[in-house]
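Asks: Sequence:
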Amino acid sequence: MEKREDLESILPFLPFSLRSSSLFWTAPVAEALTDLSKGPHHSKIDSGKALFIAISDIRNSLSLPNFSIDTSASQGFALFFDDLLPRDEAAKWFKEVVPQLANLLLRLPSLLETHYENADDGVLKGVKTGLRLLESQEPGIVFLSQELIGALLSCALFCIFPTSNRGAKHLPMINFDHLFACLHDHYEEAFENKLKCIVHYFGRICSSIPVGFVSFERKVLSLEYSPSCIPYPKEKLWSQSNISLCHFEISVSGLIEDQSREAIEVDFANMYLGGGALVRGCVQEEIRFMINPELIAGMLFLPCMADNEAIEIVGTERFSSYTGYASSFRFNGDYVDKKDIDVLGRCKTRIVAIDALCCPGKSQYRLEGLLREINKAFCGFMDQCKCHQYQQLFKDDQTVKATGGRSIVNLLSLGHTSTSSQATEGTSGNQLARNHKGHGCPPFDNQHEIGVVTGNWGCGAFGGDPQLKAMLQWIAASQAMRPFILYYTFGLEALQMLEQVIQWIVSHEWTAGELWNVLVEYSSQRSREKTRVGFFNWLIPSLSSHDDMLNDSYDDRTCSCC
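Per our numbering, the sequence shown runs over residues 1243 to 1804.
Derived from the structure by calculation, the hints contain no laboratory data. Do not take every clue at face value.
[Claimed, not checked] In the BS3-like style, the derived pairs of lysine-lysine whose C-alpha atoms are separated by at most 25 Å in a straight line are: (1) Lys1245 - Lys1334; (2) Lys1604 - Lys1476; (3) Lys1411 - Lys1245; (4) Lys1337 - Lys1291; (5) Lys1280 - Lys1334; (6) Lys1478 - Lys1628; (7) Lys1286 - Lys1334; (8) Lys1334 - Lys1604; (9) Lys1367 - Lys1411; (10) Lys1604 - Lys1370; (11) Lys1337 - Lys1245; (12) Lys1370 - Lys1772; (13) Lys1337 - Lys1286; (14) Lys1367 - Lys1604; (15) Lys1580 - Lys1476; (16) Lys1291 - Lys1280; (17) Lys1580 - Lys1590; (18) Lys1337 - Lys1478; (19) Lys1580 - Lys1367; (20) Lys1291 - Lys1334; (21) Lys1370 - Lys1334; (22) Lys1245 - Lys1280.
[Unchecked claim] Ranges between beta-carbon positions, derived for each pair: (23) Lys1476 - Ile1650: 18 to 26 Å; (24) Val1578 - Tyr1467: 41 to 49 Å; (25) Ser1470 - Pro1270: 42 to 50 Å; (26) Glu1763 - Glu1377: 49 to 57 Å; (27) Lys1476 - Arg1774: 42 to 50 Å; (28) Asp1330 - Ser1502: 49 to 57 Å; (29) Val1453 - Lys1370: 43 to 51 Å.
Source: prediction; values computed, not measured. Each residue gets a CB set at the ideal place from its N, CA and C atoms; glycine is no exception.
Construct the entire structure; sequences and hints are all you get.
Replies: In structure tokens form, the structure reads like this:
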């Protein structure tokens, strides 16, 4: 254990010590946890106020400085458990859940030792899967059991992870003290309901410990040539791509997390995994981290993402139902996850975190902005099993002309000769599938291929142009050889004509490269203020007379992501 590089990298961020090849709690901490494990009649811990006092004692035994915990956390614990949580639920929490969490924490050192014993060849032969700091620009994967994740998240609840060096390593916050402090300092009902999701998760795992596994992978597009890596694509690759556009299906209602197909589900992420999940955030990423709390474990060891990186997490279980969004978010009871289990013991929930440009304004229409976003999406969507195929596509000596002789002028003239009725006829999902199959794409119902489920990535708090982002994600999914993209518009007005635009592009059999080249031309005009209309109306002027009004604001739009 003492000579393991993976353990040595993460040990400064764990709350126990390594001695004589064994991990252990100090005697005072072990004694305090043992008292807690015997229940409230023995420990006298039967309130939020008493629980926080016990937590503070454990923190003192670990020599964690007082300045490393939010000063309002104590009031937050008391407010939630003593005032907001129904009395019967609070009584069950202190009588049943807290003692079992203490037992889980007592077993954490042995759980970790077992984890490292199996980390080298026990999961994926020849691949290191042990818990470690997965630093930026270092592709790698970590496999954790759901039981181990439960123990690690118990540490976060008890606020006992050391935090003094996390900033230097660009790690997000991990302890739950700020989440409780926000409840006291800036009370909103949504914050209370975030905590209800967390408390429900702990109640569930204490009633029945889950037995599966979760993988956390840092995906990296190499900035330097390497025969074993997928390179960061240059503009030339996108311009010359001869890849057929994949099937595109649209849903105007529903939620990404409720879809049931074989697909990766996009987390509209912050560059710091989890974003504001453990503070005041309550939008797409933060909600996903509340209903699938095992995602939070990745915040322990995954530093922030660079422009050429994405994070893919496979296997987290959903525990909570919910309603609402942002300030209207509400916990809505238990959720029983019925997703199938893969051969590695992971629930078939695949989540990829990709962070969009924050408040990009006009820069999103410049070539560097387009490249950054399409490469970020491609990094998230790429399938490591297709690494060799990607490398063939990305060879520098590629000479295929993707446009097949069609110039930008010719491509755009198609849009200017279209009529509104031509654009809207035959836009059903089945018709799109038939058109798509016609130019050599895999069938949509191929369950052996994993598609992409996404939506308005980077278009809410991040202030991006939804029409632009939809097209970029389509190109990226196609280049990643994904069989389909299922796009949730969430009823966004700017995407009212998305289906007609998709049908029109498919009917003219554009390749990924052709669509990219047209996007570049549009964006060039937009950045030089030669046009201020949205992409859809620019491409097919007959589509909509009010598209101009809908998209004019994305050049200088203010946002709240930074």
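Asks: If any of the earlier hints don't hold here, list their numbers in rising order.
Replies: Of the numbered hints, 1, 8, 9, 10, 11, 12, 14, 15, 18, 19, 21, 22, 26, 27, 28, 29 do not hold.
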